[in-house]
Amino acid sequence: MSSHCADGARAAGRRLLVGLVLALMLPLPACDREERRFSEAPPSGAPSNVVRMSTLQPGPAMMTSRTSNRYDENAYAVSQGQRLYAWYNCAGCHANGGGGMGPPLMDAEWIYGSEPGQIFATIMQGRPNGMPSWAGRIPSSQAWQIVAYVRSMAALTPASARNSRADHMMTWPESQIMMEPKHPVQSFTPPAAVQP
Amino acid sequence: MTTHAPAAAVDDPQDARREAEELALLERTWAPARGIRGWLTTTDHKAIARRYVVTTFVFFVLAGLNAVLMRLQLSRPEMTLIGPDRYNQLFTVHGTAMMFLFAVPVMQAMAIYLVPLMVGARNISFPRLNAFGYWMFLIGGVLLFTSLYVNTGPDAGWFSYVPLSGPEYSAGKRTDVWAQTVTFTEVAGLVAAVELLVTILKTRAPGMTLARIPLYVWSILVTSLMIVFAFPAVAMASTMMLAMDRLVATHFFNQAEGGDPLLWQHLFWFFGHPEVYIMFIPGLGFVSSIVETFSRRKVFGYPVMVASLLVTGFVAFGLWVHHMFATPIPQLGRSFFTAASVLIAVPTGVQIFCWIATIWSGRPKLTTAMLFAIGFIVVFTIGGLSGVMIASVPFDLQVHDTFFIVAHFHYVILGGVVFPFFGAVYLWFPKITGRLLSERLGRWHVGLFFAGTNVAFFPMHLLGLDGMPRRIYTYLPETGWGNLNLLVTLGATIIVASVAVFIVNVLVSLRHGVRAGEDPWAAATLEWATPSPPPSYNFRHVPVCESRAPLWSEDGVPAAALPVMTGLDAHKRQILVTTVLDALPDNRHKHPEDTPWPFWMAASLGVTFIGAIFSPWFYVWGAGLATLAFAKWAWPTGKYAEDLVMPKRGPR
Amino acid sequence: MRRRLSAVRRQLSALLLSLPACRGALDQSVLESAGPRARAVESLWWFALVVAAVVYVATVGALAWAVVGARRRVARGELGPPANEHRRMTLAVAGGTAATVAILFTFFFYDLSVGRTLRPPHERAHTLVQVTGHQWWWEVEYPHAVPSNAVSDANELHIPTGRPVLIEVTSRDVIHSLWIPNLGGKKDLIPRYTDTIWFQADRPGIYRSQCAEFCGLQHAKMALHVVAHEPGEYETWLQQARMPARAPTDTLAARGQEIFLSGSCALCHTIVGTPAGSRVGPDLTHLASRRTIAAGTLPNTRGNLAAWILDPQRIKPGANMPSNALSPADLEALLAYLQSLK
Amino acid sequence: MSRPRLPVGDVGHLPTHAFHNRDMMWWGTVSFIAIEGFTLVLTATVYVYLRKNFSTWPPEGIARPDLVAPSVLVALMLASLPLMRMIDRASRAHDLMRVRHLLTVATVVSLAFNLLRIWELTQSLNVRWDTNAYGSAQWLVLGAHGTLLLMQYVETLGMTLIFWRGPVEKKHFSDASDVAGYWFFIVLSWLPLYLLCFWGPRWF
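Chains as they are written, first to last, in my numbering: chain X, 1 to 196; chain C, 1 to 652; chain A, 1 to 342; chain H, 1 to 204.
Quick caveat, the hints were computed from the structure, so don't treat them as lab data. Since we're looking at a predicted model, the values are computed, not measured. A virtual CB, placed ideally from N, CA and C, is assigned to each residue, including glycine. Errors might be hidden in some of the hints.
[Claimed, not checked] Just a sample of chain C residues kept apart from chain H, beta carbon distances all over 10 Å, derived: (1) Asn454; (2) Thr489; (3) Arg511.
[Claimed, not checked] Okay, the calculated beta carbon distance ranges per label pair: (4) A:Arg72 / C:Ala522: 15 to 25 Å; (5) A:Leu79 / C:Glu518: 20 to 30 Å; (6) C:Asp569 / A:Ala102: 25 to 35 Å; (7) C:Glu593 / H:Leu161: 13 to 23 Å; (8) C:Ala522 / A:Ala83: 23 to 33 Å; (9) C:Gly83 / A:Pro299: 17 to 27 Å; (10) H:Gly12 / A:Val57: 15 to 25 Å; (11) A:Arg72 / C:Ala500: 32 to 42 Å.
[Said to hold, decoys possible] Residues of chain C clear of chain X, computed beta-carbon distances all greater than 12 Å: (12) Pro84; (13) Val150; (14) Val162; (15) Pro167; (16) Gly172; (17) Val228; (18) Leu247; (19) Val248; (20) Leu343; (21) Val455; (22) Glu478; (23) Ala522; (24) Pro533; (25) Phe614.
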């Protein structure tokens with residue numbers, strides 16, 4: 001074999017090796033996303049109880065408390081949050097994110113903040129004008145799952161941990177419509193029982 | 001062609017030097033490059049088939065280990081060895097791998113090795129496509145098992161029923177991995193089917209008319225035709241529908257927006273039922289070859305055998321609804337599907353009778369391969385009979401989705417795929433490696449495998465009748481299923497032992513096996529008319545086929561000489577193309593050179609489909625990459641140009 | 001013929017059931033039919049089994065005979081094929097094929113006749129029950145013209161013996177499947193589809209049933225107990241089930257009710273007669289009268305109930321009931337209340 | 001054991017390429033046409049199956065698809081068929097210059113097909129794939145056939161480049177003839193799908 005060929009073989013070998021290593025690394029981030037934790041303590045960090053209604057503050061700048069929610073990156077927690085969102089009738093006021101009596105949750109506007117800790121506090125403490133307090137009702141681990149789901153609706157969590165849709169009718173936030181239909185889309189009701 | 005010209009045999013001693021020169025020339029023309037470059041670029045069907053078979057077998061072992069873990073968990077009631085999350089991944093990957101990564105591909109891989117040799121061709125019809133198919137398959141399989149090992153294994157069952165596998169109830173990327181594994185394997189399966197189809201139709205040895213095609217090759221022809229019509233259904237349903245529902249929120253299966261979960265079941269089983277026949281029809285072909293070789297006579301009832309294969313292949317498409325008897329579908333349709341499901345037993349029965357008749361009138365030698373063929377009849381018949389039972393709607397409704405079904409399809413698949421596969425390995429191992437497998441270890445292998453299969457799967461019938469549903473990760477002690485489950489687990493360990501014996505036999509025989517020579521069994525078909533292992537060009541001269549058993553002058557008696565045709569240019573890669581029906585020589589096709597681009601094409605599609613688990617944009621980028629790879633693949637190099645019309649233009 | 005067949009059946013049945021594990025403590029078997037539907041299928045099964053056994057023995061016997069005969073012939077030094085081989089083989093294969101076709105036709109028509117007996121009893125007098133599948137429990141409803149008389153129950157299906165029961169099935173989430181081996185039949189529960197299945201129990205008893213379509217993490221622990229009562233007893237049960245929950249009689253139970261209503265329990269469960277009315281989890285109005293908890297997973301005892309409330313994820317990992325961190329005193333009170341819900 | 005070989009004929013005089021069913025590549029193309037054609041049949045089946053879940057088609061609130069661009073595409077497709085006949089004939093006549101120029105025209109036409117398909121998806125359908133099952137079905141059929149259009153473009157472009165840059169062997173003429181055959185499949189398979197997707201919402 002000429003040295004040229006040997007070089008080629010070595011180069012191909014290197015390429016193959018690099019490709020293999022990359023391929024093996026690809027699924028590593030999966031660990032967090034795919035884990036299914038059935039019973040465990042909720043994410044650490046005290047929820048920020050303080051809701052700041054003004055940007056003005058005395059003295060030197062205060063650290064905003066940023067609680068991270070490890071459920072944000074966990075697909076199972078987000079999907080459990082989605083289930084609980086329906087079960088606890090969050091949709092009664094917020095619809096499937098589009099809003100109704102309560103504010104929409106799919107957009108980027110947050111009255112009481114979009115950090116996990118803030119949403120957690122909003123759920124647990126309640127807010128004026130209709131948001132009830134769920135403290136003592138919803139176990140905190142479930143509340144954190146709901147937080148993850150609510151944030152996923154606003155695309156604040158990693159896309160890989162969100163699902164594309166639920167098995168119900170679609171709701172569209174303005175910002176997510178990539179292509180405007182020429183005619184308004186109305187909902188459709190399938191026959192209740194399709195066949196005997 | 002029927003009257004031999006009184007020409008001198010080419011093998012005369014004075015021609016030895018000329019022969020050596022010609023062989024060296026052929027070797028230079030056809031041999032793949034050495035080292036890893038050769039590994040990536042080769043388009044030799046034998047090299048690709050060898051690694052294909054080994055790869056599928058590795059997946060078989062891995063999927064089998066999944067089964068062992070499952071059996072340990074089920075061996076006693078309320079075991080806590082494996083939790084439900086893990087267990088669901090294990091059984092889903094077990095089923096998916098056995099179906100998509102073993103049963104079908106191993107049969108195609110064997111066919112890729114054997115068919116060109118059996119029809120007397122120099123290589124497979126589309127060798128680059130062949131290489132591409134292998135790489136696609138490899139990526140799909142590695143994707144599935146890597147995912148399992150990083151806790152992303154699919155967990156919705158191998159038939160991924162929506163809505164459980166849909167975006168709402170299958171969180172994360174697990175089902176997407178399943179859908180793309182299916183994409184990879186279906187692409188690989190489809191291209192292999194096309195190559196084999198065209199190889200059989202267009203590159204048969206002169207004289208191999210339709211009525212002289214070996215039964216094994218017929219079985220591959222039927223299987224490949226079935227794949228062409230069955231695989232698109234699942235490829236479309238998983239890649240274009242399920243994956244899209246999960247990725248870009250289409251509504252094929254969302255009832256609230258007009259979709260329908262039963263649509264998935266129809267599409268899946270339209271593929272899934274023929275799949276069963278796609279798996280075991282090649283097995284029937286193996287059995288025909290084994291019975292013919294070791295009974296020392298041609299299989300009795302050739303036209304009936306061929307007709308049976310064709311009928312089976314056709315009727316197999318009319319059975320899919322019998323997987324859906326418990327769903328809301330019209331009553332009348334069910335009777336039709338029952339009738340079809342019952343009727344399909346006839347052609348298979350006919351074939352079994354013909355083999356028995358062949359053995360009866362022949363001079364059977366009970367080699368390991370023959371024992372596997374006999375084991376096939378003994379085991380597979382049980383699966384066939386329980387298959388007739390569950391064609392009945394009322395009975396099916398009692399055992400559907402229970403361990404009775406698990407028992408039934410394991411009898412069918414182990415009986416119809418694994419037994420013939422092992423038999424085929426014992427038959428053709430000497431051809432592939434040049435050495436015989438040990439018959440002594442072979443007896444242990446066949447004995448343990450037979451015992452293990454029955455101990456593991458027969459009790460499952462009883463468990464199913466006793467109410468045990470499939471796919472449960474545990475059960476209560478009060479159900480009383482514990483002892484039989486323990487027995488099943490014991491059977492599983494026996495199977496493990498037998499497969500271990502087989503692996504040892506292969507490894508030992510590769511080094512120390514008895515040298516085989518060209519034709520150790522004095523067999524009948526053309527693959528035995530070339531050295532073992534065959535040279536890269538398969539045959540020095542194109543063999544000519546004058547009967548169904550071209551190497552026999554009469555039943556079991558080796559012919560004195562082999563008629564051949566000369567005239568293929570040894571300087572170039574040429575293969576002889578013949579006519580479809582009568583196999584008359586028609587033209588000399590220019591055969592492509594080795595190239596790494598099928599590999600890069602598969603790699604770019606790998607990036608595309610794996611990336612598309614996460615973002616639809618990978619379809620756009622990946623299509624660009626794949627187009628570049630394909631351009632390099634298809635671009636003529638001008639090497640060995642034949643009848644050049646216009647030379648390559650220099651740089652302007 | 002018929003009698004002989006049933007004698008064979010009895011013997012085979014005894015043989016099969018004498019195998020060590022075929023007899024569980026629970027009634028959950030295709031081979032112990034307790035109603036006409038399952039019985040029809042059971043006789044079809046025994047017929048098919050006997051025929052299959054005969055066919056199997058004949059096939060494998062022929063194979064063995066062929067191998068042994070041929071090898072003897074070779075040992076005797078006869079190198080040629082047997083006399084008249086072609087005619088004999090043709091006859092054998094044709095005969096075998098004809099027998100196969102005949103047997104299959106017989107089976108097919110027997111199957112059709114069994115299929116006819118399975119027609120639903122829409123016209124006949126029957127009891128109507130609605131079963132809805134959930135991940136991972138069964139909601140069972142007994143509708144009534146007067147809505148307040150309708151009964152909602154979970155994981156237990158009470159039926160009268162001797163009359164057909166028509167079950168309307170559907171699912172709330174993924175596909176489940178209702179299968180009661182001793183009574184016969186199977187029906188997939190598909191979301192947004194409503195389908196029906198019927199059966200009839202001839203003798204009182206408790207028949208166990210398990211979800212038969214893979215439905216996710218706890219598919220294994222999704223059992224339904226079918227309780228067949230004598231008709232009079234059934235009416236009594238129904239009357240009892242229509243009653244709202246008893247008000248707590250002692251202070252401990254009253255404290256338990258308070259915990260139930262003010263904590264997370266009431267968010268998912270209904271107790272008729274109290275403000276708790278959520279339909280997300282099983283109806284608990286008569287929890288204490290049920291035989292099992294957690295969809296047939298545990299016997300309904302005080303200890304099991306406590307374990308289930310505190311940490312359901314240990315018993316049924318992935319179930320949708322959350323863990324509840326209750327103080328021992330609160331747990332005591334809650335258990336007292338729940339156990340009073342007869 | 002090696003048995004002697006007995007030459008009974010010579011194939012050295014046989015041609016090195018052939019057209020249509022004598023050619024091996026042609027059979028490969030036909031096989032892929034079978035696979036792709038059956039996939040299209042399945043997409044149409046899905047379309048009809050989903051139709052039965054709706055009382056009106058398109059569902060209320062969604063406009064019927066526009067007809068202009070789709071009809072232009074169909075007209076262009078039909079008009080391109082004679083061009084393909086010409087390519088096939090020129091190939092069989094081994095007319096290098098003629099095949100080269102006709103292929104160049106075909107590349108442009110194929111590009112126009114693809115642009116029109118993009119226009120159809122974005123402007124004529126009036127529905128997104130994720131609006132409801134009606135939208136998904138429309139996108140499925142158009143998308144599946146659109147993938148084939150894209151492949152056809154790549155194939156035609158590649159063949160054209162080969163005929164310009166070389167090396168061109170005689171066998172490339174049978175490849176060019178296969179391009180024409182595949183083109184017929186693309187066009188003829190679209191006609192029923194066109195009626196289904198664009199006239200279907202008007203008829204049923």
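Hint numbers the structure violates, sorted upward?
Per hint list: 6, 10, 12, 13, 14, 15, 16, 18, 19 and 25 violated.
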